[in-house]
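Undergrad: Spelled out, the chains give:
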Amino acid sequence: MKQKLFLILFLLFITLNISGCWSKKELNEIAIILGTGVDYTKDNKIQLTYQLARPAAFGGGGMGGGPGGGAAMNQNITWVISATGDTVFDAQDKLSQQVSRHLYLGHNVVLILGERLCRHGVKDVNNFFHRQPLSRGTVWVMATPQEAKKVLESHSELQITSAQAVGFLARFRTGYAVKFRDFSQDLASRGTDPVLTRVELKNQGVAQGPGLEKVHHHQEIVITGTAIFKGDKLIGWLDSRETQGLRCIKGEMHEMRITVPSPIYPDKNISLKVIAGNTKIEPAYQKGEIKFYLTVRAEVDLIEQQDEEDFTQPEMIKIVENKAAAEIRQHIKTTLDKVQGEYKVDSFGFGEAFHCKHKREWSMLKNRWDEEFTNAQVYLTVKVKLRDTGMQGRRASLKK
Amino acid sequence: MGKILEGGKIDARQTLYLLVTMIYATLILFVPQNTVAHAQQDAWLSFLVAFAGGVLISLVVINLSLRFPGQTLFEYLPRILGRFPGKIIGFFYVWLFIHLCALVDREYCSTIVAAFMPETPLVVFLIHGTIMFAYLAYSGLEVLARLSQLFLPLNAGLLTILFVLATPEMKVVNILPVFDTSLLSLAKSTLTPLSWFGEIITLAVIIPYLAEQKNVYRLTIKALFFVLVLIELSTVGVLLIFGPALTGSYLFPVLNGTKMINIANFFERLEIIPIVIWITSGTVKATLFFWAATLGSAQLLGLKDYHPLILPLAVIVTSLSYLLHPNIIDLLNFLTEDFPFYALTFEFLIPFLLLIIVLIKETGKK
Chain V
413 MKQKLFLILF LLFITLNISG CWSKKELNEI AIILGTGVDY TKDNKIQLTY QLARPAAFGG
473 GGMGGGPGGG AAMNQNITWV ISATGDTVFD AQDKLSQQVS RHLYLGHNVV LILGERLCRH
533 GVKDVNNFFH RQPLSRGTVW VMATPQEAKK VLESHSELQI TSAQAVGFLA RFRTGYAVKF
593 RDFSQDLASR GTDPVLTRVE LKNQGVAQGP GLEKVHHHQE IVITGTAIFK GDKLIGWLDS
653 RETQGLRCIK GEMHEMRITV PSPIYPDKNI SLKVIAGNTK IEPAYQKGEI KFYLTVRAEV
713 DLIEQQDEED FTQPEMIKIV ENKAAAEIRQ HIKTTLDKVQ GEYKVDSFGF GEAFHCKHKR
773 EWSMLKNRWD EEFTNAQVYL TVKVKLRDTG MQGRRASLKK
Chain C
11 MGKILEGGKI DARQTLYLLV TMIYATLILF VPQNTVAHAQ QDAWLSFLVA FAGGVLISLV
71 VINLSLRFPG QTLFEYLPRI LGRFPGKIIG FFYVWLFIHL CALVDREYCS TIVAAFMPET
131 PLVVFLIHGT IMFAYLAYSG LEVLARLSQL FLPLNAGLLT ILFVLATPEM KVVNILPVFD
191 TSLLSLAKST LTPLSWFGEI ITLAVIIPYL AEQKNVYRLT IKALFFVLVL IELSTVGVLL
251 IFGPALTGSY LFPVLNGTKM INIANFFERL EIIPIVIWIT SGTVKATLFF WAATLGSAQL
311 LGLKDYHPLI LPLAVIVTSL SYLLHPNIID LLNFLTEDFP FYALTFEFLI PFLLLIIVLI
371 KETGKK
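Protein chains in written order, with the working numbering: chain V, 413 to 812; chain C, 11 to 376.
Hints listed in this document are in silico derivations from the structure and should not be mistaken for laboratory results.
A few of these clues could be false.
Said to hold, decoys possible - For the chain C half of the interface with chain V, some residues (derived, Cβ under 7 Å), not all of them:
no.	residue
1	Ala125
2	Leu186
3	Pro187
4	Asp190
5	Gly253
6	Ala255
7	Leu256
8	Lys269
9	Met270
10	Asn272
The structure displayed is predicted, hence computed values, not measured ones.
From the three backbone atoms N, C-alpha and C, an ideal C-beta is built for every residue, glycine too.
Assemble the whole structure, with the sequences as input and the hints as a guide.
TA: Shown next, in the form of structure tokens:
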């Protein structure tokens with residue numbers, strides 16, 4: 413009898429406990445944040461902007477819609493809200509009084525930082541995204557010369573939201589993409605100064621469709637280069653071309669496009685796509701002088717030619733390879749001149765490479781690494797291999 | 011004699027699994043962070059050193075235990091030191107096991123609260139944990155061993171899969187350069203993992219229940235080696251993902267490492283896997299210490315049955331784990347700064363002294 417009673421009580425206890433979680437938040441109780449923007453206002457406060465998804469509109473009533481497609485017309489798919497506060501959490505606290513659901517950071521795609529904040533220093537805000545249990549290291553971090561709030565107040569023609577769209581841009585490595593983890597690692601490292609993807613809201617293309625005969629200009633978030641930091645402070649920008657040089661030095665050349673002048677007809681061009689590439693940094697320390705030997709290897713595919721070079725000739729391939737190597741070398745030189753010469757920072761991780769090779773010297777140099785790096789010589793070797801020529805060997809119009 | 015106290019017998023394989031689970035469970039939860047904070051990218055080296063220390067400790071413990079066949083630590087302590095001092099030291103060991111159990115319980119519950127359910131009171135998890143391991147201790151050592159036999163292959167497999175999935179996020183430069191840490195920091199970083207490997211002292215309670223005692227040495231070293239493999243996998247794994255600076259700053263680096271997994275923008279959010287690993291292995295670990303504490307107190311008090319002690323000890327463990335540390339930072343500081351010295355006293359110093367006394371006595375007899 414006693415045992416039976418105990419069993420019943422025990423079963424009751426179990427049913428009470430497995431029925432649900434204590435801090436459960438159902439899907440219809442949370443507001444999913446897709447994009448986060450942080451700005452530094454004129455009166456020195458933190459302005460936090462969230463792009464919230466409105467999943468009810470995602471199904472796409474009427475035309476369009478569906479996963480991957482743009483949203484239906486005249487539906488608000490996102491809701492962009494912002495508030496200012498002394499810290500990020502302070503601002504979020506104010507937001508939570510405006511939103512009828514729990515703010516849920518777990519699905520955040522991008523973190524966009526405004527220029528004023530970047531110039532002031534990002535250490536004031538990035539800690540929140542470390543301590544928040546729902547925040548992830550996979551979030552794409554970007555900097556914008558505009559206001560982050562303005563950038564998030566946009567939508568995408570192809571993706572459902574602009575935050576997801578810019579997330580895809582980063583994922584496809586169209587610029588130099590930086591994850592929150594990479595950014596934090598660079599911030600903590602003495603041998604690498606952080607960089608961020610630069611994004612802007614720009615008039616981009618024309619949206620057309622039946623019923624849209626009146627030309628409708630559309631603003632879309634686009635990647636326009638790279639932001640260069642010294643420590644946690646922004647000190648300058650690289651444009652898209654200079655970003656290519658950065659990608660070469662960092663060894664992230666996959667999917668990079670290069671266009672070189674034709675070897676025979678100087679006013680015509682040849683376009684190549686980098687299929688695979690890697691970079692090796694070999695540091696040397698001699699009599700107080702720091703030298704770096706940079707070896708870049710790239711495999712390229714021929715994508716387009718404007719004139720009639722014959723690519724069935726091995727010599728021609730050799731020539732194009734050399735041209736491409738020269739082009740990559742030029743990219744790297746431009747970027748190095750700007751970053752090392754003008755901004756005087758080490759955004760490339762030369763310091764880390766030096767640390768790996770010269771442990772003892774590093775402990776002396778690490779506190780003034782940026783100055784030391786400015787005086788360092790970088791010697792370049794670029795090797796390019798042409799792998800494929802697309803679907804064609806020689807041009808159809810080329811006469812034998 | 012308290013021979014009938016625990017009737018279970020476990021075979022070699024179960025012992026191996028039980029010992030591995032007992033050590034690695036919390037080792038991969040709290041220790042990588044602290045070790046990396048001291049030893050930076052050379053943390054893998056400190057685990058090697060700690061492993062060597064663990065082997066030394068296990069040799070002492072096994073050598074001591076095999077001199078008193080069929081008896082647990084609590085039974086042979088009075089035979090070495092005399093009735094009264096032996097029992098006092100014995101009660102210190104009971105306290106150690108109670109404390110270890112409370113710590114393990116607290117570590118798990120704090121993790122869940124910090125990482126997943128910040129709004130749920132800690133005590134809710136503590137009570138659930140206690141009910142679980144009290145029930146398991148009631149079922150005895152054999153059931154516990156079979157449980158570890160069930161969970162360990164699963165957990166080790168899951169852990170390996172996790173780090174294989176995370177390889178796209180790994181960069182070799184993150185663990186370079188090697189041997190960059192000063193000897194002092196390396197020594198500091200070794201202490202905490204060493205105290206974890208030292209938990210092998212529990213073997214002194216388990217040995218009498220092994221089905222065959224021939225291969226205990228080989229078995230134990232095998233178990234310690236397996237733990238080494240698991241901890242090296244986790245630590246080097248998270249180091250490759252985050253580099254030393256970030257790894258040293260995260261409370262649960264393995265959890266953060268899991269969060270980085272993203273295969274094709276589709277296969278992601280696998281955080282539940284480390285939690286499954288931690289909860290299942292942690293339950294086994296806490297129960298083993300709890301079982302050792304109840305068995306020990308029963309043997310010291312000369313009871314015929316240890317089951318009546320389960321409930322009161324469970325209450326003590328729950329309140330201890332709730333009251334010992336006000337917050338997770340305090341718990342971490344204790345585990346990394348005070349715990350090694352406190353634990354190693356019991357894990358190495360006392361068994362070592364006991365072994366010397368036994369050796370002196372034996373030569374005296376001759």
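Undergrad: Next step is simple, just say for each hint if it's right about the structure.
TA: These are the hints, each one checked on the structure:
1. Ala125: Given a least distance of 5 Å, the restraint on C/Ala125 holds.
2. Leu186: 4 Å, holds
3. Pro187: 4 Å, holds
4. Asp190: Constraint on C/Asp190 satisfied, holds at 5 Å.
5. Gly253: Nearest chain V Cβ about 5 Å off; hint holds.
6. Ala255: Holds: closest Cβ of chain V sits about 4 Å from C/Ala255, inside 7 Å.
7. Leu256: Hint on C/Leu256: holds, closest Cβ of chain V at ~6 Å, below 7 Å.
8. Lys269: 5 Å, holds
9. Met270: 5 Å, holds
10. Asn272: With Cβ-Cβ at 5 Å, under 7 Å, it holds.
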